[in-house]
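Could you slot chain B with the ligands onto chain A? The hints should help.
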Amino acid sequence: MGSCTAQIVLKRASSNRALLLYFAGNDVLKPGPVELAAQPRASPCQALGIRWASCLYFLKFPQSPLLTYVSILVNVVIESLALPGAGGFAFMALERDKHIAERALLTMDEAQLLALYRSMSLIRRFEEKTAEMYARGKITGFCHLYAGEEAVAVGAIAALYDKDYVVSTYREHGHCLAKGASPRVVMAELFGKATGISRGHGGSMHLFDANLRFMGGYAIVGGGLPLAAGLGLSILYKEEPEVVCCFFGDGALPQGAFHETLNLASLWKLPVVFICENNFYGMGTLVQNAICQEELYRFAEPYKMPGVRVDGMDVLDVYGAVTEAAARAREGDGPSLIEAVTYRFRGHSMSDPAEYRSRREERIWQERDPIKALRRKILHDRRATENQLNEIEAEVAAVIDDAVKFAEESPEPALEELGKHVYVEE
Amino acid sequence: MEVTYLTAINQALHEEMRRDESVFIMGEDVAELGGAFKVTEGLLDAFGENRVIDMPISESLIVGAGIGAAILGMRPVVEMQFSDFIACAFDQIVNTAATLRYRHGGRAACPLVIRSPSGAGVHGALFHSQNPEAWFTRVPGLKVVAPATPYDAKGLLKSAIRDGNPVLYFEHKRLYRSIKEDLPEGDFTVPIGVAELRQSGKDLSIITYGGTLNQCLDAARIVEKEDGLSVEVLDLRTLLPLDREAILATARKTGKVLIVHEDRVTGGIGGEVAAIIAENAFDSLDAPIRRVGAADTHLAFSPPMEEFILPNSNKIVEAIRSLAAY
Ligand SMILES: Cc1ncc(C[n+]2csc(CCOP(=O)(O)OP(=O)(O)O)c2C)c(N)n1
Ligand SMILES: [Mg+2]
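Those sequence lines, one after another, are chains A and B.
To convert a position in the first sequence, counted from 1, into the working numbering, add 29.
To convert a position in the second sequence, counted from 1, into the working numbering, add 12.
Think of the hints as simulated: they come from the structure by calculation, not from any bench.
Each residue gets a CB set at the ideal place from its N, CA and C atoms; glycine is no exception.
Do not rely on the hints blindly, as some may be mistaken.
What the hints assert, rightly or not - Some chain B residues near chain A, calculated using beta-carbon distances under 10 angstroms:
hint, residue
1, Glu40
2, Ile69
3, Glu71
4, Ile321
To be verified - Computed cross-link-like contacts, DSS-like style, restricted to lysine-lysine with a CA-CA straight-line distance of at most 30 angstroms:
hint, chain 1, residue 1, chain 2, residue 2
5, A, Lys298, A, Lys333
6, B, Lys192, A, Lys167
7, A, Lys298, A, Lys267
8, B, Lys237, B, Lys265
9, B, Lys237, B, Lys214
10, B, Lys327, A, Lys167
11, A, Lys192, A, Lys333
12, A, Lys449, B, Lys327
13, B, Lys192, B, Lys50
14, A, Lys298, A, Lys192
15, B, Lys50, A, Lys167
16, B, Lys265, B, Lys327
Extracted from the complex, chain A is given alone in its bound form (with noise of 0.2 angstroms):
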C-alpha cells in the first residue's frame, strides 16, 4: 500500500468542452476516499464530483473566462496498491469537443446506426469465436484479437467510401471485416483454408483483398506505413477522388517508418488519415515508457498535419473526425494524424496472460465497452428498440457460426501450391 500522486492538467479549458481522463497502467485506483488537494483551481473538479469508482470523467466546464488558457493543476492524491508490473500510470485529458459525434448521431438515420452497432458485434461475435477455436487447437499461431477496439476500425471505415484503401496492422480481424469481407473467408484464413482470404498462406496477421481495397495487415509494426505513402501517390497520380485510412498502434511510433511516412505524406500532402490505435500497451509495454510524447496525436505538430485525440471507444466521436479528416484528404488538403484511444481487452496475443496489467484496469475499460456505450445511446434516444439490437446480435451470431462451418469443413491448400505464388506467374 502506498500513495500516490497524480497530476491532471487540464488545459485550455472551455465551455462545451468535454474532458476525458483516462487513466492507464498499474492499479493505482482504489474505491475510497479521495483528497483535491488544494490547488488554485481544483474546485470546479470538485462541484462535479468526481467518481473515482471509474477512470473516465466527463467535465463539462462552465463558460468561464477564467478557464480558458488556463493551466488547472489538480493534485489527487490517491491511495493506491502500489503492484508490481508496468509501473507508473497515466491519465489522459482528450480535449475535444464531442459535438461532432453528437451531431453524427443526430444526422444518422436508423439504418446507418444499426449498421454500426452490427459491424461492431460482428467483429466482437467474430473475436470471440476465434479465442474459442484457439482454445480448441483449430487454430494455431501467432493471433491478436481485436475485442474492445471495434468502435475506431468500424468508425473510421464507416466514414469512408467503398472506393477507398485501408492499411492495418496485424491485429487487423477488425479492419478488414468492417471493409466488408466476409467472415467466412477471413475465418477460413484463421484456419489455414484454402478458401481464406490469403489461401491460407498467410494465417491471422496477413489478410488482404484489394477488390475491398483491404490492402493488408502487416505483422512488421510500421511496416504498413510506408505502403500507405504509396497508395496515397498513386491516387494523387491517377487524380482519383480516393482516401486511404492507414491504422498503426501505439507501438509503431518508435518505429523511424512512422517518421519517414509523415513528413512525406505531408510535404506532398499525401490523402492518407492516420490512425492510431492508443491502446497503452506495446505488447508489455506502456507508452509512456516507450515514446516521449504520450499525447501520440502532437506527433502532427512537427509533421504539419492537424491531429486530433479522440475517444476510440465512441463509434460517432471516431466517425467524426475521420469524415473531417478524410474530406480534409479528398480535397487536396493532406493527411491528418488521429490518436484514438482505446483499450484491447485481451491479452497481446492468445498466450498473453496480461500480467503487466491489472484486472481492475481491465474491468474499468470493460465498463466502456464501445458496443454496449452505442447500445445504450440507441435505446436512450429511442433511435432503435431492443428487439431490434437483440435480432442484429442473434443474426451476427448465426453468420458467424457459419462462419466457423465454412472454415472447419474447407480444404488445406493443396501441396501441389507449393512454390506456386512467389512470383507472378504469366
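Then chain B with the ligands, alone, in the frame of chain A:
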C-alpha cells in the same frame, strides 16, 4: 543440473552480467516482461533497470545504440524479439557494425551481441519463422553463431559476449523448451569458429547446425537401424567463420556429404560449405554433395504447408539413402 536450452541462455546472461559490469541488455519487452519467450526473465530483478532496458519498437535504434555503447567499451547484448525483425536493423548491422573496425583502421571495436529467436515450426507464418543467418554470413566483420544444444547455447553466448566483435547469435525458438541437457557447474565457454562432431561414422557425413541437428541425429539412428548405415554428424555451431578444417576432415573421411539446414536451400550456408568441399576435397568425394533445406518459398501459415516446406527427419532419411546408394 538438467536445464532447457532457454534456461541455458538465461544462465549465460546472468553469469556474464555478474562477471562483467559492462555487460547490459537492451530490447523490446526484455525487462518487465522478461522477453516474449521469457529468455531474459529475472534479469531485471537481479541487475536493475540500468542494465536491463526495455526499448521502444525501434530495431534499427536498438542495434545502433548498441553499437554506440560498444564503441565506448560497453558490452551490450541486444535482442531482436524475432529474428525476422532483424531486417529492420539491417543497415546498422551490415553497414555500421560490421565495417566499424575496418573503416577506422583497426582503431575501434564493436563488442556487440545481437541475440534473436529464429526458426519455424510454431506456425508463426512469414514474419515469425525465418532463418535469416545467411543474410549475414557473407559480411566480413560479423560473426554468426547458431547453437543446437543447451551446452552450446550457454557456452557460445558467453564467448559471444566476451568477443571483441559484433556477433549475431541465433537461437532456435523451437528448441527453447523442447531440449534439455545436464550442464557442468561453473564457468565454461564454447569457442566461436569450432564445429563439433556429434557422432562419428564411416559411410557418409551430415553437416548441419541449429534447429535441424536433432532431426539429423534421429535420421542417422533410423538408417543405422534399418539400413545398417554408419553416419557421421558434424554440428557447425558457428556459421561465420566456418570451421573449414572440420568440414574438410569429415568430407575426406566418408567421401559422401549431405548438408542439412532449416534455412532455404538457395543461398543458405550449405552452398558455401559445399563450395569449400568441392574446392578442397574434390578428390575424396564418392558422390555429389547433397543439400536438404526449406523449399525455396516463404514460410506459409497453413500448418500442413509449413511442414511440407520444412526439412524433417523423413526427408533427411530419404536423402541419406539415396546418397548412400550412389
Ligand atoms: C518490427 C517489429 N518489431 C517487433 C514486433 C513484435 N511485436 C508485435 S506487436 C508488438 C507490439 C505493438 O504494439 P502496438 O503497435 O501498440 O499495437 P497493439 O498490439 O497494441 O495493437 C510487438 C513489439 C513486430 N511484430 N515487428
Ligand atoms: Mg498498443
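List, from low to high, the hint numbers that the structure doesn't satisfy.
When the structure is compared with the hints, none of them turns out to be violated.
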